[in-house]
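Peer 1: Line by line, the protein sequences are chains A and B. For the first sequence, position 63 matches number 63 in this note's numbering, and the numbering has no gaps at all. For the second sequence, position 79 matches number 79 in this note's numbering, and the numbering has no gaps at all.
Read the hints as simulated data drawn from the structure, not as lab findings. Quick caveat: nothing in here was measured; it's all calculated off a predicted structure. A few of these clues could be false.
Derived list of chain A stretches under chain B, where covered just means 3 residues or more per stretch with a C-beta under 8 Å from a C-beta of chain B [unchecked claim]:
{"hint": "1", "stretch": "44 to 56"}
{"hint": "2", "stretch": "102 to 108"}
To give a feel for the contact side, a few chain B residues facing chain A, derived at Cβ under 10 Å [what the hints assert, rightly or not]:
{"hint": "3", "residue": "6"}
{"hint": "4", "residue": "8"}
{"hint": "5", "residue": "33"}
{"hint": "6", "residue": "43"}
{"hint": "7", "residue": "70"}
{"hint": "8", "residue": "81"}
{"hint": "9", "residue": "105"}
{"hint": "10", "residue": "106"}
{"hint": "11", "residue": "116"}
BS3-like cross-link-like pairs, simulated, lysine-lysine; straight-line CA separation at most 30 Å [what the hints assert, rightly or not]:
{"hint": "12", "chain 1": "A", "residue 1": "112", "chain 2": "A", "residue 2": "49"}
{"hint": "13", "chain 1": "B", "residue 1": "11", "chain 2": "A", "residue 2": "68"}
{"hint": "14", "chain 1": "A", "residue 1": "108", "chain 2": "A", "residue 2": "77"}
{"hint": "15", "chain 1": "A", "residue 1": "77", "chain 2": "A", "residue 2": "49"}
{"hint": "16", "chain 1": "A", "residue 1": "52", "chain 2": "A", "residue 2": "112"}
{"hint": "17", "chain 1": "B", "residue 1": "71", "chain 2": "A", "residue 2": "108"}
{"hint": "18", "chain 1": "A", "residue 1": "60", "chain 2": "A", "residue 2": "77"}
{"hint": "19", "chain 1": "A", "residue 1": "68", "chain 2": "A", "residue 2": "112"}
{"hint": "20", "chain 1": "A", "residue 1": "108", "chain 2": "A", "residue 2": "56"}
{"hint": "21", "chain 1": "A", "residue 1": "68", "chain 2": "A", "residue 2": "49"}
{"hint": "22", "chain 1": "A", "residue 1": "60", "chain 2": "A", "residue 2": "108"}
{"hint": "23", "chain 1": "A", "residue 1": "56", "chain 2": "A", "residue 2": "105"}
{"hint": "24", "chain 1": "A", "residue 1": "105", "chain 2": "B", "residue 2": "57"}
{"hint": "25", "chain 1": "B", "residue 1": "14", "chain 2": "A", "residue 2": "105"}
{"hint": "26", "chain 1": "A", "residue 1": "105", "chain 2": "B", "residue 2": "11"}
{"hint": "27", "chain 1": "A", "residue 1": "49", "chain 2": "B", "residue 2": "57"}
{"hint": "28", "chain 1": "A", "residue 1": "52", "chain 2": "A", "residue 2": "68"}
{"hint": "29", "chain 1": "A", "residue 1": "77", "chain 2": "A", "residue 2": "52"}
{"hint": "30", "chain 1": "B", "residue 1": "11", "chain 2": "B", "residue 2": "57"}
{"hint": "31", "chain 1": "B", "residue 1": "57", "chain 2": "A", "residue 2": "52"}
{"hint": "32", "chain 1": "A", "residue 1": "105", "chain 2": "A", "residue 2": "77"}
Ideal Cβ positions, reconstructed from N, Cα and C, are used throughout, including at glycine.
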Amino acid sequence: GDSVTQMEGPVTLSEEAFLTINCTYTATGYPSLFWYVQYPGEGLQLLLKATKADDKGSNKGFEATYRKETTSFHLEKGSVQVSDSAVYFCALSGKGSQGNLIFGKGTKLSVKP
Amino acid sequence: DTGVSQDPRHKITKRGQNVTFRCDPISEHNRLYWYRQTLGQGPEFLTYFQNEAQLEKSRLLSDRFSAERPKGSFSTLEIQRTEQGDSAMYLCASSLLRPTSNTEAFFGQGTRLTVV
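So here's chain B without its partners, still in its complex pose (with noise of 0.2 Å):
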């Protein structure tokens, strides 16, 4: 198990274009978590996901973003009409939800989009 995986690692878009990121979890994590990052700052809350159902959504996530995890595998998180306030680390995290315990959160190395 390589752990969890985001792609790209890097990404310069333009203002106004939309992106969209790729992150594959630890193989048997059944949830997935998706944080914003900003320089000087700690990981934000954005989303998460419990297999392919979106159970929660932080007041972070605008109409410009949208998540899913269609087959509760790998995940995708897409910004539209990006802005400049966007440029951050956006950072995915794995879990397993066991029925008495939950294991802890394991992070990708994160995708950093600038907006220019």
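Looking at chain A on its own, in the form it has when it is part of the complex (with noise of 0.2 Å):
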């Protein structure tokens, strides 16, 4: 079935230091792609998605490229701040919609000033 690999945590980096969280994924047809966003004490919030091969989705400086050839969705930020500090999970779509998701087992990360 469909499921979703991402490098294991936690990931501890320095202010201002370039994050790569790794994820790649299994799945029939063409799923949509997710990251997530835990903060401490809050709820999960999408971070950004693609939707197709090739897209590219980015918000608050987060980037991920949808990469059909090597089923892979790899979350960067060039410049990471304190408060960026969180649980980030990796999702697939399942059967077209994009409420029933598959996730990763999240990493966490932390920024030290």
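Two chains, two frames, a set of hints: combine them into the complex.
Peer 2: This is how it looks when you write it as structure tokens:
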């Protein structure tokens, strides 16, 4: 069945460092891909998404490109801030619905000043 | 609009008791989803509704679990005869399905269930 694999954390970076969180997927058909973020004490929020191959999703300085050839959707940010400390989840949509999501296990990011 | 709200935020119950959670989606959203998240894992899909119809149930949803959305607005998730393995965060999400597109899913803050 469909699945998502993302790099395990925790990831600890210094402020202004470059961030990459790897995500690969297995799916039949052409799913939509998402990154959700969960800040401490808050609910899941959509960070960015891409709905077809070669699309780039971007938001708040984060970017991810839908790579069909490598079945990947890696999350990147050029310069992280302390406020980016959170848990990041890669996800794909199942069966054509953007709500029926399959999530990775999450990667906890801690950014130190 | 205050987003998706869930009640209660926390619930502690004794093993064998029944519990019920409530989810109020964003008012115009016609799709409503339930997920379960255990510590260190990503959310796992349980079930979803389109209006009042329950269209899909995961194999994770055992016979002790039942979900309803009687008027196509709020939803309840009931767990009967709770077990310690039911301890988790239960998340609700909603989205708006249009004829040619579907909005993103908006999540509530979840109900954390602890079975002792």
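Peer 1: Just pull the numbers of the violated hints for me, sorted ascending.
Peer 2: Result: hints 4, 7, 8, 11, 13, 16, 17, 19 break, sorted rising.
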